[in-house]
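2 protein chains.
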Amino acid sequence: MAHMPDLTIRPTAQRKADALARLSTRHQDAWVATADGGAAHLVPLSIAWVDERLVIALDGTSVTARNLAATVRARVAVGPTRDVVVADVVLEATLPVADAGEVGEAYAAQADWDPRASGGTYQYLVLAPRRIQAWREADEIAGRTIMRDGAWVV
Amino acid sequence: MAHMPDLTIRPTAQRKADALARLSTRHQDAWVATADGGAAHLVPLSIAWVDERLVIALDGTSVTARNLAATVRARVAVGPTRDVVVADVVLEATLPVADAGEVGEAYAAQADWDPRASGGTYQYLVLAPRRIQAWREADEIAGRTIMRDGAWVV
Chain F
1 MAHMPDLTIR PTAQRKADAL ARLSTRHQDA WVATADGGAA HLVPLSIAWV DERLVIALDG
61 TSVTARNLAA TVRARVAVGP TRDVVVADVV LEATLPVADA GEVGEAYAAQ ADWDPRASGG
121 TYQYLVLAPR RIQAWREADE IAGRTIMRDG AWVV
Chain A
155 MAHMPDLTIR PTAQRKADAL ARLSTRHQDA WVATADGGAA HLVPLSIAWV DERLVIALDG
215 TSVTARNLAA TVRARVAVGP TRDVVVADVV LEATLPVADA GEVGEAYAAQ ADWDPRASGG
275 TYQYLVLAPR RIQAWREADE IAGRTIMRDG AWVV
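Top to bottom, those sequences are chains F and A. So in the working numbering the end of the first sequence lands on 154, straight run, no missing numbers. So in the working numbering the end of the second sequence lands on 308, straight run, no missing numbers.
Just chain F, same shape as in the assembly (with noise of 0.2 Å):
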């Protein structure tokens, strides 16, 4: 893609303060990438930011919880394909619905719906990123990671 750099390429600070803003935001979808061997999977799920965790809810046995438990890994992408965030996360921790605390109180609050009405199999899975890019169109490509192995660049 030929699109030369020009004067609207964001400094990091300012792509970390507008990645923070998109992922804080209330009822925020997020598309979640996890794999199965050779196979991917691809879901848009409600997220919530806690503690500069991505909190997602899922039924224990979805395939995005059963990729997650086995590979302890997922690749998430939060807004439109011309203003992206994407997190390259690790599974830190699983959290029953019945026994979240402040995570399932912190969810109910950004998402739109409160796993904790579902019960069952519900969980909370904690999800701690590792590397978060930010880029809007290919003249952002350049500079795009603003979090390398787990800390803000700036």
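Source of the hints: derived by calculation from the structure; they are not laboratory data. These numbers come from a predicted model, not from an experiment. Some clues are possibly wrong.
[Said to hold, decoys possible] Which residues of chain F face chain A? A partial, calculated answer using Cβ under 8 Å:
hint, residue
1, ALA13
2, GLN14
3, ALA17
4, ALA21
5, THR25
6, ASP29
7, TRP31
8, ALA35
9, HIS41
10, PRO44
11, ALA69
12, ARG73
13, ALA74
14, ARG75
15, THR81
[Said to hold, decoys possible] For the chain A half of the interface with chain F, some residues (derived, Cβ under 10 Å), not all of them:
hint, residue
16, ARG180
17, ALA187
18, ALA231
Here a beta-carbon is modelled for each residue, glycine too, at the ideal position from N, C-alpha and C.
Fit chain A to the supplied structure of chain F, relying on the hints for placement.
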């Protein structure tokens, strides 16, 4: 998610028509998920819909191109998270941009860039859908499959 069915649930034929309209839209992007063992990769890419195939264009050295060459499959999502078309696809052909004929013309006509101008190691990947699902909110999860085993349900 405790949404109850209501009269906004689209019949299968309408979902197919909506999906085809979305896939054929000019300057349409998709989220393309591929796998390398336990690691999922996920990137936004411009698509074209040509003869009932999804066409993407990539540098052959990219992670997505390498994963597709190795596993022959991907999962592709088009549209916003509350009005999605999700296709499980298999790699049918890989065409160098210098020798892509009508596929190159069709891609340039629908996508917002022409990879033939990039040359070098760029290639078109022709992806044949095996299953396509379309849903908006939780109340449309039932009945979301509009193509199965490569054949439209309606």
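How the hints compare with the structure:
1. ALA13: violated, 23 Å
2. GLN14: violated, 20 Å
3. ALA17: Hint violated; ALA17(F) Cβ to chain A Cβ min 21 Å, cut 8 Å.
4. ALA21: violated, 18 Å
5. THR25: Violated, about 13 Å.
6. ASP29: holds, 4 Å
7. TRP31: Constraint on TRP31(F) satisfied, holds at 5 Å.
8. ALA35: Holds, because the Cβ-Cβ distance from ALA35(F) to chain A comes to roughly 4 Å (cut-off 8 Å).
9. HIS41: With Cβ-Cβ at 6 Å, under 8 Å, it holds.
10. PRO44: holds, 4 Å
11. ALA69: violated, 11 Å
12. ARG73: Holds. Min distance 6 Å.
13. ALA74: holds, 6 Å
14. ARG75: This interface hint holds because 4 Å falls under the 8 Å limit.
15. THR81: holds, 4 Å
16. ARG180: violated, 14 Å
17. ALA187: holds, 4 Å
18. ALA231: holds, 6 Å
Checked against the numbered hints given earlier, this structure breaks hints 1, 2, 3, 4, 5, 11 and 16; the rest are met.
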